[in-house]
Amino acid sequence: MAEEGSQKPIKAFNLKIYEDETILEPTNGPHEITIVWMHGLGMEAINCVKFFLKGNSLRFPVIITFLPIAL
Amino acid sequence: MPQAPKRFITIDQAPGMIGWFDIKDRGFIEPLDKAFNVQDIRDSADRLIKIVEREIKLLNGEGKRVFVGGMSQGAAMAEITGLQVKQKIGGVVAAAGYFFNITEISENNLDTPFVAFHGAKDFLVPWDIVKGPYEDLKKRKPNNTEVILLDYMGHDFDQEAIREKFKEVIEKALKA
Chain A
1 MAEEGSQKPI KAFNLKIYED ETILEPTNGP HEITIVWMHG LGMEAINCVK FFLKGNSLRF
61 PVIITFLPIA L
Chain B
1 MPQAPKRFIT IDQAPGMIGW FDIKDRGFIE PLDKAFNVQD IRDSADRLIK IVEREIKLLN
61 GEGKRVFVGG MSQGAAMAEI TGLQVKQKIG GVVAAAGYFF NITEISENNL DTPFVAFHGA
121 KDFLVPWDIV KGPYEDLKKR KPNNTEVILL DYMGHDFDQE AIREKFKEVI EKALKA
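In order, the protein sequence lines correspond to chains A and B. Residue numbers for the first sequence, in my numbering: 1 to 71. Residue numbers for the second sequence, in my numbering: 1 to 176.
Hints in this document: simulated from the structure, not taken from any laboratory. For glycine and all other residues, C-beta sits at the position ideal for the given N, C-alpha and C. Do not rely on the hints blindly, as some may be mistaken.
The list that follows gives simulated cross-link-like pairs (lysine-lysine, DSS-like), each with its CA atoms no further than 27 Å apart [to be verified]:
#1 A:Lys16 to B:Lys6
#2 A:Lys50 to B:Lys121
#3 A:Lys50 to B:Lys50
#4 A:Lys54 to B:Lys121
#5 B:Lys172 to A:Lys11
#6 A:Lys8 to B:Lys167
#7 A:Lys50 to B:Lys86
#8 A:Lys11 to B:Lys34
#9 A:Lys54 to B:Lys167
#10 A:Lys54 to B:Lys86
#11 B:Lys6 to A:Lys11
#12 A:Lys50 to B:Lys167
#13 A:Lys16 to B:Lys64
#14 B:Lys34 to A:Lys16
#15 B:Lys64 to B:Lys167
#16 A:Lys54 to B:Lys64
#17 A:Lys11 to B:Lys57
#18 A:Lys50 to B:Lys172
#19 B:Lys34 to B:Lys172
#20 A:Lys50 to B:Lys64
#21 A:Lys54 to B:Lys175
#22 A:Lys16 to B:Lys131
#23 B:Lys175 to A:Lys11
What the simulated footprint calls covered on chain A by chain B, stretch by stretch (three residues with Cβ under 8 Å from a Cβ of chain B suffice, anywhere in the stretch; the number is not a length) [unchecked claim]:
#24 31 to 40
#25 43 to 54
So the derived label-pair ranges between C-beta atoms look like this [said to hold, decoys possible]:
#26 B:Asp12 to A:Gly55: 30 to 36 Å
#27 A:Glu19 to B:Gln39: 21 to 27 Å
#28 A:Ser6 to B:Arg26: 50 to 56 Å
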């Protein structure tokens, strides 16, 4: 693992978990877009977070992603 | 927001399971209320539409910057939410879902990009069952409606294919 600060991260996020929503929020820049993503049966919103932390998702101009937990 | 209750899922005889709506029959038989609890679907859609509206407000009314997506039950909810919301949004990207014929497509989203991925090997939500409703959707919303059948996909999703499509939809919406 690289020493902290030795290289610039591709992206950095804040993760906020509420009773009824999980919010993945990049730490810098303005709020540019929102993706509201719904998980499948028996899952929880937190399960979907990794979808937004890999591959092309890191190239989204995403600033805030809301992942509401099911009713 | 209040803590939402967990649901009884009839098909699995599972109390307290997290879900957007009850499933009574996996055959997706018509009418819709024989297969699903339609009131659950409407209630969940109402809640999600409020979230989308809140986000549009946070983005100074620029609905084109809000996108809706999901997987399986979540994909079905993404489709009804994204098409029913009154304000124009940026797009809908869903995987392994189904289109509810009760969806009231808002005029503002008749041309909004809509992409649904489905797996030819999906035995839980078989293509043979969901293709009819998607064909109906294409008649009701002929522009920018794309249903992509992936031969190799089951009831899961090709995450990178969906991320790539999402990126394409986002970039197109932001350029408009």
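How the hints compare with the structure:
1. A:Lys16 to B:Lys6: The given pair, whose Cα atoms are some 21 Å apart, holds under the 27 Å limit.
2. A:Lys50 to B:Lys121: 24 Å, holds
3. A:Lys50 to B:Lys50: 25 Å, holds
4. A:Lys54 to B:Lys121: 25 Å, holds
5. B:Lys172 to A:Lys11: With Cα atoms ~22 Å apart, Lys172 (chain B) and Lys11 (chain A) stay inside 27 Å; holds.
6. A:Lys8 to B:Lys167: 23 Å, holds
7. A:Lys50 to B:Lys86: 30 Å, violated
8. A:Lys11 to B:Lys34: 46 Å, violated
9. A:Lys54 to B:Lys167: With a Cα-Cα distance of about 13 Å, the restraint between Lys54 (chain A) and Lys167 (chain B) holds, given a limit of 27 Å.
10. A:Lys54 to B:Lys86: With a Cα-Cα distance of about 32 Å, the restraint between Lys54 (chain A) and Lys86 (chain B) is violated, given a limit of 27 Å.
11. B:Lys6 to A:Lys11: At roughly 34 Å apart (the allowed maximum being 27 Å), Lys11 (chain A) and Lys6 (chain B) break the hint.
12. A:Lys50 to B:Lys167: With Cα atoms ~16 Å apart, Lys50 (chain A) and Lys167 (chain B) stay inside 27 Å; holds.
13. A:Lys16 to B:Lys64: 24 Å, holds
14. B:Lys34 to A:Lys16: 38 Å, violated
15. B:Lys64 to B:Lys167: 14 Å, holds
16. A:Lys54 to B:Lys64: 24 Å, holds
17. A:Lys11 to B:Lys57: Holds, because 26 Å separates the two Cα atoms, which is no more than 27 Å.
18. A:Lys50 to B:Lys172: 24 Å, holds
19. B:Lys34 to B:Lys172: With a Cα-Cα distance of about 39 Å, the restraint between Lys34 (chain B) and Lys172 (chain B) is violated, given a limit of 27 Å.
20. A:Lys50 to B:Lys64: Roughly 24 Å between the alpha carbons, so the hint for Lys50 (chain A) and Lys64 (chain B) holds.
21. A:Lys54 to B:Lys175: It holds: about 24 Å lies between the C-alpha atoms, which stays within 27 Å.
22. A:Lys16 to B:Lys131: 37 Å, violated
23. B:Lys175 to A:Lys11: 23 Å, holds
24. 31 to 40: holds (count 10)
25. 43 to 54: Coverage by chain B holds here, the residue count being 5 at a Cβ distance below 8 Å.
26. B:Asp12 to A:Gly55: 30 to 36 Å: 32 Å, holds
27. A:Glu19 to B:Gln39: 21 to 27 Å: 23 Å, holds
28. A:Ser6 to B:Arg26: 50 to 56 Å: Once the Cβ atoms are compared, 52 Å apart, the range 50 to 56 Å for Arg26 (chain B) and Ser6 (chain A) holds.
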